[in-house]
Amino acid sequence: MTSATANLRVVLVDDHQLIREGLRRAFDRAGDIEVVGEAASVADALNALERLRPDVLVTDVRLPDGDGITLTTQVRAGNPTMGIVVLTMYAGDEQVFAALDAGASGFVGKDAPAEEVVAAARHAAANPRAFTARDLAGAMQRRMSAPAGPKLSPREREVLDLLVDGLAIAQIARRLYISESTAKTHVANIYEKLGAGNRAQAVMAAVRLGLVDDAKRR
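Position 131 of the sequence shown, counting from 1, maps to 355 under this note's numbering, and the rest follow consecutively.
Don't take every hint at face value.
[As the list claims (entries may be wrong)] Below are the DSBU-like pairs computed for lysine-lysine, each with C-alpha atoms no more than 30 Å apart in a straight line:
(1) Lys334 to Lys375
(2) Lys408 to Lys334
(3) Lys417 to Lys375
(4) Lys375 to Lys408
(5) Lys417 to Lys334
None of these hints come from the bench; they were simulated from the model.
Source: prediction; values computed, not measured.
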C-alpha cells in the first residue's frame, strides 16, 4: 500500500515492537489507512507528530518516559482535530474516564481484536472529539452509582493493599513487576488522593473510606 491509496495517516506509539508490528499489519490489511510513523516513547512520539502531522495518533498508556494519557492531554491541547486512540492492557473504568478526560477520541483494550483498533482509528479520524469505548454506557452507569470518595485505579488499589501489608517501595516494585520509580509514583498518587502525608495516614484514610478491611490493617 502506498500513500497515494491511503486515506488516513496514522502514527503508532508503543514501546513493544511486536505490538507495533501487529498493529501495522492490521492497518495495512484495512486498505484505507497508512502507518506513516512509529515511536516507542513520549519524546519520540511528540517528534513524530510534529514532523508527520498524521490524522490519527494510536498510543499505549504505559511508556518508558511517561504515559499515553498525559501525551493525549498534551497533543489534544495543540491539535483539536487530530484523532487519538488510547490502548491499554488495563481496560477498567478509571482508565476509560482518564482517556475521556484527556480528550481521546477512542479507548481500546489490548485484548480486543485488531479490527476494533482499526475501527477506532476510523472513528477518531471522522469524529476526533466524540469519545467511544467498549461498554462506555456501563462505565457511566457504574460511575453514577458508585459511592462518593477518592477514585483509585486498579493498579493503585494493588499498591494500596501492599502498603497496608507493610511492604516497602522496592518490595512493591518487585511484587508487581514494575520499576521503583513507577511504584513511587503510584504511592505518591495514592497519598494525594487520600490526603495523606505518609503511609500511616494513608492506611487510616483507606480504612475510614472503606478501601481496605480494618481486620487486614490490624
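Status of each hint after checking the structure:
As the CA atoms of Lys334 and Lys375 are separated by approximately 23 Å, the hinted pair is consistent with the 30 Å bound. For the proposed pair Lys408 and Lys334, the alpha carbon gap of about 25 Å is at most 30 Å, so the pair holds. Simply put, Lys417 and Lys375 have alpha-carbon atoms about 8 Å apart, close enough for the 30 Å limit, and the pair holds. Distance hint between Lys375 and Lys408 is fulfilled; the C-alpha atoms sit about 18 Å from each other, no more than 30 Å.
As the CA atoms of Lys417 and Lys334 are separated by approximately 27 Å, the hinted pair is consistent with the 30 Å bound.
Violated hints: none; the structure is consistent with every hint.
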